[in-house]
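For the record, the sequence lines run as chains Z and U. Using my numbering, the first residue of the first sequence is number 5, and each one after it goes up by one. Using my numbering, the first residue of the second sequence is number 30, and each one after it goes up by one.
What the hints contain is simulated information worked out from the structure, not anything from laboratory work. Note that the structure is predicted; figures quoted are calculated from it, not measured. It is possible that part of the hints are untrue.
Beta-carbon label-pair distances, calculated as ranges [as the list claims (entries may be wrong)]: (1) U/T275 <-> Z/R36: 27 to 33 Å; (2) Z/V198 <-> U/A52: 36 to 42 Å; (3) U/A43 <-> Z/A45: 48 to 54 Å; (4) U/R294 <-> Z/L39: 16 to 22 Å.
Here a beta-carbon is modelled for each residue, glycine too, at the ideal position from N, C-alpha and C.
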Amino acid sequence: MITRDWLLSDDPETRMQARLGQGYRLARALLRNPLAMVGLAIILLLLLVAMFAPLLAPYSPIQGDLANRLQPPSATHWMGTDELGRDILSRIIFGARITLMIVLLVAIIAAPLGLLIGTVAGYFGGWVDRILMGLTDIFLSLPRLIMALAFVAALGPGIENAVIAIAITAWPVYARIARAEVLTFRKAEFLDAVRMQGASSMRIITLHVMPLCMSSTIVRVTLDMAGIILTAAGLGFLGLGAQPPLPEWGAMISRGRSFILDQWWVATMPGFAIVVVSLGFCLFGDGLRDVLDPKQRARE
Amino acid sequence: MKRETELTLNRPIAALNFLLTLAVTFLGLLAITFLIGRVVPIDPVLAVVGDRASTETYEAVRLQMGLDDPLIVQFARYVWQVMQGDLGMSVSTGRAVSEDLGRVFPATLEMATLGIIIGVTIGVPMGVFAAARQGKWVDQVIRVIGLAGYAIPAFWLGLVGLVIFYANLRWVGGPGRIDLFLDGMVPPRSGLLLIDSAIDGNWEAFRSALSHIILPATILGFFALAYIARMTRSFMLEQLSQEFITTARVKGVPERLILWRHAFRPIWIQLITVIGLSYAGLLEGSVMIETVFSWPGIGNYLTTALLNADMNAVLGATLVIGAVFVGINKGSDALYRLLDPRARA
Chain Z
5 MITRDWLLSD DPETRMQARL GQGYRLARAL LRNPLAMVGL AIILLLLLVA
55 MFAPLLAPYS PIQGDLANRL QPPSATHWMG TDELGRDILS RIIFGARITL
105 MIVLLVAIIA APLGLLIGTV AGYFGGWVDR ILMGLTDIFL SLPRLIMALA
155 FVAALGPGIE NAVIAIAITA WPVYARIARA EVLTFRKAEF LDAVRMQGAS
205 SMRIITLHVM PLCMSSTIVR VTLDMAGIIL TAAGLGFLGL GAQPPLPEWG
255 AMISRGRSFI LDQWWVATMP GFAIVVVSLG FCLFGDGLRD VLDPKQRARE
Chain U
30 MKRETELTLN RPIAALNFLL TLAVTFLGLL AITFLIGRVV PIDPVLAVVG
80 DRASTETYEA VRLQMGLDDP LIVQFARYVW QVMQGDLGMS VSTGRAVSED
130 LGRVFPATLE MATLGIIIGV TIGVPMGVFA AARQGKWVDQ VIRVIGLAGY
180 AIPAFWLGLV GLVIFYANLR WVGGPGRIDL FLDGMVPPRS GLLLIDSAID
230 GNWEAFRSAL SHIILPATIL GFFALAYIAR MTRSFMLEQL SQEFITTARV
280 KGVPERLILW RHAFRPIWIQ LITVIGLSYA GLLEGSVMIE TVFSWPGIGN
330 YLTTALLNAD MNAVLGATLV IGAVFVGINK GSDALYRLLD PRARA
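Sequences are here, hints too, so could you generate the full structure?
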């Protein structure tokens with residue numbers, strides 16, 4: 005039976021009990037932070053909306069009704085319709101899928117890449133460290149948005165290329181953080197112990213070093229999500245990210261730009277979606293940082 | 030005595046170190062633009078000879094362009110060309126990219142500079158007051174502004190600003206740098222319209238230029254302000270918790286003097302780095318804002334070139350924005366080290 009005492013026990017009998025206990029403590033600490041809970045609620049809402057988009061959306065996101073084009077917000081079309089008579093609310097609902105996909109893909113590509121480079125540099129030290137961190141510092145000191153633009157220019161417009169371009173500019177931060185983390189324990193005895201048992205460097209890095217860098221990386225990724233969403237939307241706005249008729253929020257704003265002065269809702273509504281979701285990740289990331297990685301807060 | 034020799038010895042070494050990192054970073058930037066230029070699916074030879082050229086012509090041009098040389102030789106040639114200010118020709122404007130960039134850069138500089146002035150004059154006092162009244166409503170307002178700076182897309186805020194202040198309230202001029210009928214009426218001296226029109230004594234042009242620049246500059250300034258206020262607040266809090274502040278309070282120094290003279294004075298050096306960072310960030314952020322406001326600056330040039338697949342122009346603009354960004358960042362960092370004796374140790 006799982007009870008509170010069992011979870012909070014100071015000497016857990018199994019690994020699982022220890023892990024569950026740790027998770028429980030984290031959850032408790034997060035629950036005490038109202039802003040983080042607001043952020044979590046927004047993220048969960050995004051997930052649910054993306055998951056059940058076909059059920060929630062009142063109209064088709066692609067098929068328009070030309071007779072009803074550029075209608076202002078009303079009871080039938082809560083956020084109005086765009087220049088092809090498509091319901092903007094439905095498009096925003098389906099757009100949640102695209103936003104979520106971009107964010108997840110960037111995180112899946114950039115975080116492990118940065119983690120790998122940072123841990124290898126920190127673990128080996130010496131020349132490996134100098135070369136890898138030199139490379140990281142060069143990427144870090146370049147403007148991210150401009151570099152993403154240049155990469156998309158080379159790869160060609162499209163949502164996949166936008167993801168790759170953003171990921172290429174996002175990894176250096178994770179590499180820096182992971183390396184700093186590794187430096188604090190690279191001389192620790194538990195690593196000597198594993199080494200004496202004959203573990204290869206590869207095994208030590210992936211199984212013993214990386215897991216210890218996970219929490220600070222997760223915090224950083226969550227905090228970066230807002231920036232990733234804004235960059236992706238920016239690329240969409242410039243016509244370099246998701247292509248029409250995909251209901252990507254940035255691309256929707258870009259289409260609405262032509263009628264911004266007379267039909268303000270076409271461009272404004274998707275922007276609210278971007279702001280709310282980015283804010284959600286910011287708030288949750290802040291709360292997560294306070295719980296998982298208080299040191300990082302002190303450093304900023 | 031020992032300290033002095035250390036200082037005189039350390040300075041040149043630190044300066045050398047600084048120049049070396051700067052050079053390596055620039056080289057890295059060049060390597061990236063060079064590689065991007067290489068992976069582009071547009072065949073540079075075809076762009077010159079056209080697709081109906083014979084195989085012989087194609088080969089001859091390919092050799093002439095040095096595309097059969099080893100990559101490293103090509104890269105060295107590229108670096109050499111860039112150092113001489115040769116960024117290639119723009120396909121869409123038909124002019125040298127460097128010439129184009131020289132023409133559009135002042136517009137960006139003007140907007141970003143006004144933006145950073147707005148950001149500093151509002152952001153720094155806001156940060157100081159937030160620290161002085163920690164947890165009170167001023168503090169909360171700054172927290173919200175800081176979050177907004179992270180969560181609001183600049184291009185969207187620009188559009189919303191246009192709807193409210195241009196279309197509805199008619200408080201500001203619309204897109205562009207100046208009203209159409211005044212375009213080209215001011216003789217270009219510095220390229221900064223506000224300064225040029227003031228020198229010229231053309232106050233009608235000055236007012237028009239001001240009404241056009243104020244909205245995009247304020248929006249840029251807002252993003253700078255969000256960051257500057259937050260950083261000022263945390264620097265100030267650090268100072269206010271120190272013992273010399275308590276001493277001053279016990280001695281009965283008025284709170285205003287404590288804030289501005291005792292607590293603020295030690296942090297202005299740290300603020301230089303923050304302001305430098307946000308100034309560089311504004312140059313980058315202006316890409317989006319310029320597109321929204323049809324502002325004829327380097328960001329607009331870059332996005333237009335992107336849509337026309339004008340690679341020389343894209344890479345040239347990337348290179349210039351990147352170099353200025355790196356220069357400002359590293360420069361403000363060096364300035365901080367130079368000014369703050371604690372950072373030298």
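Taking the hints in turn, this is what the structure says about them:
1. U/T275 <-> Z/R36: 27 to 33 Å: This hint holds: roughly 31 Å between Cβ atoms.
2. Z/V198 <-> U/A52: 36 to 42 Å: Check passed, 41 Å falls within 36 to 42 Å.
3. U/A43 <-> Z/A45: 48 to 54 Å: The hint (48 to 54 Å, Cβ to Cβ) holds, given that U/A43 and Z/A45 are roughly 50 Å apart.
4. U/R294 <-> Z/L39: 16 to 22 Å: 34 Å Cβ-Cβ, so the 16 to 22 Å window is violated.
Of the numbered hints stated above, the single one contradicted by the structure is hint 4.
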